[in-house]
Amino acid sequence: MHSKASLILGVAIMVLSGAAVIIALDWPWKAKLFPLVIGIPVFCLAMTEVLWCVFGAADRGGAMDFQISAHLPRKVVLVRSLRAAGWMIGFFGAIVLLGFPVAVPLFVLLYLKLQAQEGWGLSVAMTAAVWVFFYGLFDFLLHLPFPAGWIQTGLGLA
Amino acid sequence: MIEALFAGLLAVLQWKAFTFMLAGIGLGFWVGLLPGLGGATTLALMLPFVYAMEPVEGFAFLLGMHAVVATTGDITSVLFGVPGEATTAATVLDGHAMAKKGEAGRALGAVLMSSLIGALVGAVALAAAIPVVRPLVLSFGSPELFMLAIVGLAFIASLSAQGGRGMLRGFLAGGFGLMIATVGQDPQAGIARYTFDSLYLWGGLDLVPVLIGIFAIPEIIDLAIRGTSIAGDVPRGRLNQGVLEGVKDTFRHFGLTLRCSLIGTFIGIMPGLGGAVAQWLAYGHATQSARNAEDRANFGRGDVRGVLGPGAANNSKEGGSLIPTVAFGVPGSSAMAILLGGFFVMGLVPGPDMLTKHLIVTFSMVWTIVIANIIAVGACFLFLNQLAGLTNVRGHVLIPVILVLVFIGSYTSNNHYGDVLVTLAFGGVGYLMVLSGWPRAPFVLGLVLGKIAENYLYISVARYDAEWLTRPIVLVLFAMAVAVILYPLVQGWRSRAKGETHA
Chain A
1 MHSKASLILG VAIMVLSGAA VIIALDWPWK AKLFPLVIGI PVFCLAMTEV
51 LWCVFGAADR GGAMDFQISA HLPRKVVLVR SLRAAGWMIG FFGAIVLLGF
101 PVAVPLFVLL YLKLQAQEGW GLSVAMTAAV WVFFYGLFDF LLHLPFPAGW
151 IQTGLGLA
Chain B
159 MIEALFAGLL AVLQWKAFTF MLAGIGLGFW VGLLPGLGGA TTLALMLPFV
209 YAMEPVEGFA FLLGMHAVVA TTGDITSVLF GVPGEATTAA TVLDGHAMAK
259 KGEAGRALGA VLMSSLIGAL VGAVALAAAI PVVRPLVLSF GSPELFMLAI
309 VGLAFIASLS AQGGRGMLRG FLAGGFGLMI ATVGQDPQAG IARYTFDSLY
359 LWGGLDLVPV LIGIFAIPEI IDLAIRGTSI AGDVPRGRLN QGVLEGVKDT
409 FRHFGLTLRC SLIGTFIGIM PGLGGAVAQW LAYGHATQSA RNAEDRANFG
459 RGDVRGVLGP GAANNSKEGG SLIPTVAFGV PGSSAMAILL GGFFVMGLVP
509 GPDMLTKHLI VTFSMVWTIV IANIIAVGAC FLFLNQLAGL TNVRGHVLIP
559 VILVLVFIGS YTSNNHYGDV LVTLAFGGVG YLMVLSGWPR APFVLGLVLG
609 KIAENYLYIS VARYDAEWLT RPIVLVLFAM AVAVILYPLV QGWRSRAKGE
659 THA
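The listed protein sequences derive, respectively, from chains A and B. Sequential numbering from 1 applies to the first sequence in our numbering. Sequential numbering from 159 applies to the second sequence in our numbering.
It should be emphasised that the hints constitute simulated quantities derived from the structure, not laboratory data. This one's a predicted model, so the numbers in the text were calculated from it and none came from an experiment. One should not assume that every hint holds.
As the list claims (entries may be wrong) - Calculated lysine-lysine pairs in the DSS-like style (CA-CA distance at most 30 Å, straight line): (1) LYS113/A - LYS259/B; (2) LYS259/B - LYS406/B; (3) LYS75/A - LYS174/B; (4) LYS4/A - LYS75/A; (5) LYS609/B - LYS30/A; (6) LYS259/B - LYS4/A; (7) LYS406/B - LYS174/B; (8) LYS75/A - LYS113/A.
Assemble the whole structure, with the sequences as input and the hints as a guide.
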């Protein structure tokens with residue numbers, strides 16, 4: 001898992017830094033000085049990492065960071081990761097389509113009912129609490145502008 | 159001088175100034191807890207309210223609010239792995255790891271006590287350093303500040319992972335962060351770099367959405383994968399027991415706490431580096447304090463020293479960054495630049511007058527930092543057990559609430575949907591980094607330092623050509639960077655040699 005993910009990251013950074021250097025070559029020196037000073041070494045380091053992943057010994061380097069639940073089977077980790085990512089992307093989609101004021105309570109209620117499989121009592125109470133907090137603090141007190149969603153705008157409701 | 163010191167204390171304790179300070183502390187308390195609502199933004203929002211106030215009252219309100227933001231920001235970082243503030247991201251690494259081990263109480267006790275000590279050190283530095291700080295600030299030009307940024311990056315890149323491979327990934331992550339920082343309009347030539355005709359990218363990538371994404375999203379996914387509470391199967395009773403232990407940890411590692419406080423103060427004094435840098439340098443120093451490679455391997459997995467360092471530094475920097483603001487009118491950070499506006503709103507001009515005619519106001523600022531932090535930490539300790547108990551709530555119930563905070567926090571940094579997208583994208587990057595064993599800290603420091611380093615490099619080259627490389631302080635800092643890179647390699651080699659001798 002370590003090496004495969006590292007290879008993906010290494011290749012991605014190699015491609016990005018290579019492209020960044022090529023794009024920067026056309027700029028005046030004031031603008032390209034820093035991107036070149038950084039981009040070229042980053043490209044070389046990324047290439048070293050990629051070569052290490054492909055030809056090097058088994059990966060023993062560890063970062064000072066937590067590790068994603070290593071005790072669970074890989075398939076379970078993959079399925080649950082994708083499901084979590086799906087909820088996040090869905091929430092973002094709901095925000096764009098319906099706007100924050102509608103998407104926030106809708107997301108909390110759906111997550112608690114469908115994913116967490118909580119009872120109606122807790123789900124409704126938590127949804128109400130989160131909405132009151134959201135509306136009370138960000139809308140009522142701070143007057144932050146939360147635009148209406150594309151659907152409301154499209155229907156002329158906003 | 160002593161008379162002015164006491165007069166400053168009495169001025170803060172006047173009922174009106176004290177009430178304004180309490181209001182500021184209350185506001186700062188919640189701003190720190192909520193991700194995305196930044197301390198600098200809130201300072202700007204509150205600036206118009208000080209028009210009618212006396213200087214001591216105005217600073218009691220503004221500084222009282224600003225002084226506690228980093229303290230409560232640490233709480234969110236420890237409990238949920240979501241940085242409450244950009245300046246409290248480093249606390250996530252070990253603080254949240256401790257919370258996952260069922261040691262939330264201990265982590266909170268440690269971070270709050272170290273924050274208090276950091277704030278006190280910063281305040282003492284502010285009081286003591288004003289007459290002597292001028293030569294220090296003036297001896298650091300653009301070349302020295304650029305090299306200081308490089309030393310910081312070398313520090314964290316070489317120490318945040320193990321072995322040669324880890325170091326390679328550390329530098330790669332740091333370089334990637336510096337590269338990402340070049341997105342947006344170039345400050346010298348005005349060229350739009352890597353913006354792909356998107357107006358959103360012209361201003362560059364905002365730090366807050368990137369930070370929230372890179373730290374919070376992987377933690378949320380991990381919580382969803384585990385399907386338990388943050389503290390896992392640790393019984394509830396144990397969570398509340400560690401607070402006192404965390405306080406004791408601060409005094410067990412008092413030297414480290416003090417050194418990290420001084421690092422924070424020093425970074426605060428240097429104009430332009432900012433608080434987000436101080437915490438990472440302190441974290442780098444904390445990891446460097448490990449006795450050997452095995453000891454260092456505990457960092458990132460819930461080592462209390464990784465909490466004490468950033469906790470102390472991000473509070474001590476406030477006193478430090480006030481020094482150039484008050485003495486020369488040169489703000490040490492964006493928050494201080496806004497506070498500088500407060501000086502003019504209240505009819506004060508920073509500079510020599512603040513050390514003579516308005517010395518009482520200057521000392522009232524010192525006392526405000528001290529008193530505000532004591533009150534905030536005291537208030538936090540009252541609720542610490544309940545806060546630690548949150549780590550025992552079922553993960554599935556917490557996830558939607560944390561996600562709402564993450565998305566709102568990200569959106570409110572610029573009121574743009576692009577920020578939420580950036581959070582999701584960098585959440586993916588952060589997840590891949592954790593999965594592949596790449597350190598996230600150097601990436602964040604690279605991103606924070608990118609724009610600053612570019613400006614200083616450009617000015618150095620434009621002003622001195624290649625000669626800037628031969629300036630004495632630059633050479634000393636370069637030697638420090640080399641030593642910092644070689645240190646973990648030598649340490650690893652020595653511990654291997656020792657192991658072979660024993661075998």
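task: Could you work out which earlier hints the structure fails to respect and list their numbers in ascending sequence?
output: When the structure is compared with the hints, numbers 3 and 7 turn out to be violated.
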